[in-house]
Amino acid sequence: MIEVKNLVKKYGSHTAVDNLNFSIDKGRIYGFLGPNGAGKSTTMNIITGYLAATEGEVTVNGFDILKEPEKFKKSVGYLPEMPPVYTDMTVREYLAFAAELKGIPKGERKVQIEVIMGRIKLTQVADRLIGNLSKGYRQRVGLAQAILGFPETIILDEPMVGLDPQQIIEIRQLIRSLAKNHTVILSSHILAEVRELCDYILIISKGKLVAQDTPEHLERLLCDTGTIKLEVRGAAEQIKEVLLRMKKMKDYRLSKKEEQLFLVTVTPGKGADIREALFLAFAGAQLPLLSLYEEKGTLEDVYLKLTQEGGGALESHLQKRA
Amino acid sequence: MKAIYKKELSSFFRSMTGYALIAFLITFTGVYFMIYNLNQGYPFFSYTLSAVMLVLLVLVPVLTMRSFAEERRSRTDQLLFTSPVKIRQVVAGKYLAMCTVYLIPNLIFCLFPLVIKSQGSAYFLSDYSSIFQFFLMGCAFISIGMFFSSLTESPIIAAVSTFAATLILYIWEYLTDYLPDGAVANLLIVLVICTILAALIFHVTKNRFLCAAFEFITAASAVTVCIVKSSLFEGLLKNVLGSLDLAKGFNNAAFNNVFDVSAVILQLTVIAVFEFLTVQSIEKRRWS
Chain A
475 MIEVKNLVKK
485 YGSHTAVDNL
495 NFSIDKGRIY
505 GFLGPNGAGK
515 STTMNIITGY
525 LAATEGEVTV
535 NGFDILKEPE
545 KFKKSVGYLP
555 EMPPVYTDMT
565 VREYLAFAAE
575 LKGIPKGERK
585 VQIEVIMGRI
595 KLTQVADRLI
605 GNLSKGYRQR
615 VGLAQAILGF
625 PETIILDEPM
635 VGLDPQQIIE
645 IRQLIRSLAK
655 NHTVILSSHI
665 LAEVRELCDY
675 ILIISKGKLV
685 AQDTPEHLER
695 LLCDTGTIKL
705 EVRGAAEQIK
715 EVLLRMKKMK
725 DYRLSKKEEQ
735 LFLVTVTPGK
745 GADIREALFL
755 AFAGAQLPLL
765 SLYEEKGTLE
775 DVYLKLTQEG
785 GGALESHLQK
795 RA
Chain B
1355 MKAIYKKELS
1365 SFFRSMTGYA
1375 LIAFLITFTG
1385 VYFMIYNLNQ
1395 GYPFFSYTLS
1405 AVMLVLLVLV
1415 PVLTMRSFAE
1425 ERRSRTDQLL
1435 FTSPVKIRQV
1445 VAGKYLAMCT
1455 VYLIPNLIFC
1465 LFPLVIKSQG
1475 SAYFLSDYSS
1485 IFQFFLMGCA
1495 FISIGMFFSS
1505 LTESPIIAAV
1515 STFAATLILY
1525 IWEYLTDYLP
1535 DGAVANLLIV
1545 LVICTILAAL
1555 IFHVTKNRFL
1565 CAAFEFITAA
1575 SAVTVCIVKS
1585 SLFEGLLKNV
1595 LGSLDLAKGF
1605 NNAAFNNVFD
1615 VSAVILQLTV
1625 IAVFEFLTVQ
1635 SIEKRRWS
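Protein chains in written order, with our numbering: chain A, 475 to 796; chain B, 1355 to 1642.
It is worth saying that the hints were derived from the structure and are not from the lab. From a predicted model like this one, the values you see are computed outputs, not experimental measurements. We put the beta carbon where it would ideally sit given N, CA and C, even for glycine. A few of these clues could be false.
To be verified - With a Cα cut of at most 20 Å, we get these calculated SDA-like pairs of lysine to any residue:
1. LYS1471/B x TYR1401/B
2. LYS1638/B x ALA490/A
3. LYS484/A x ARG1639/B
4. LYS1356/B x GLU567/A
Said to hold, decoys possible - Footprint (simulated), chain B over chain A, 3 or more residues, beta carbon under 8 Å:
5. 517-527
6. 535-549
7. 558-565
8. 575-585
All chains, full assembly: derive it from the sequences and hints.
Here it is in structure tokens:
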């Protein structure tokens, strides 16, 4: 378990990470989501021990990263934004070096490297120089390095960048299978990727944590201010009359599309589903409905809103709804 | 540490750098050896080595420039410093690998006195102790080069600054000759150094009192000592700075037939200090 408390990182006068607090439990996939420059990489660099925080502390299973860095680092595998590969080594040489660096016992190294290369599909390029490999393969070599030794926590900074669609699917499957025995933390600025993979999302913007929850919760919590749109044939007065009789409705808006055809936007009361009631009411008044659909805000909207407006956006969003 | 040592050493010989550097040094040694020892018949190999020293000044920057600058530029340092290895182990591993590359030509140098012997009389004690001092001096230069490499992201800047630093050390003996002998002049320079140190203390601690106290105490004691016993200040800087001459050990072995133990201690100290500074400069980067 990793616990991050009041984490602050300043580069001179620029605050890259501003008072982050979160904890990571075992055996789940966590997603750091945020636009470029939000502080994802800095946070990851701190929780892997590459950078030191200006303030705050990071502990893993109770070990402080500053006081017992070796124990801490042994339980973490890290794939940075740019895979840390030596271009003048072959894949096999590089992985052997990484395995020795990570203190994997001599007898296990060879077998483990073969197993991992098989899993990440590197076996056919094992004896090629990393400098001659494509970006996607280098990314995989970096990933193999992060998995070496099967550490408790695997931290991946934008693991899908530079991969082709086929590779993305493969890596996604790999990450899912890893999550059975490991905790995986990955970062991305692509929402779809995080929603697809992660059990838990942390949205970061301008160095601040603006929201954290499971994808379903985030979606439900933030997005159900959906409106209902209807196309109704009839006179404006008749339509208004029907709408005025509706219960559990907050607001409505009428706009004329053509003669005897209106576009109606209905805002339901909190948590109410009034689609059926609307249908029956209009049917009862002999006003034909040409269409009826619910327009839901997506996680995408929320993400954009949160990350563009920064820290206060979530609270104001929730307040507005209440 | 062993992993890093092995990897560094093999990367020197994978990339030709190692072969090229060794060949370069050996070639020049061979040329000088042919001229001084074979053609002119001078029986001391150490004389050849003293000419090769200039070549060493070019080689060391090339050997050390990539050590940390390149890691930082290609971001591979993220692997090293997130692995369960201490920073000083990384530094030691890299340093020893560079020293090993440098050791190879030095071992080959050991054959040259034997060639001289086969042609007549040779002076093994003098020659081998100068090879040893030559090796140690190179190791000290390498530690300086490694430190410069850890300061920057650009191997070129690292190489140029290492070359400048080692060149100054090369002419150190002549430079210190130009320092004044008089007590008052030395006192003035000491006062200037105290002021610079005080300014540095202020910059680091932002404590006016500490800075003023340091300046006052050091300046007052320097002036008092100078008044009481001015002979202490005569040639002070020349003596102090002169004792930092890294080439002294080699020159003593080569030209005076003296094995200078104090020079060995000086070289080892320089190596330790620059290893420490390298660790600190890497550590500092994590915090800023």
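- Checked against the structure, which of the hints given earlier come out wrong? none
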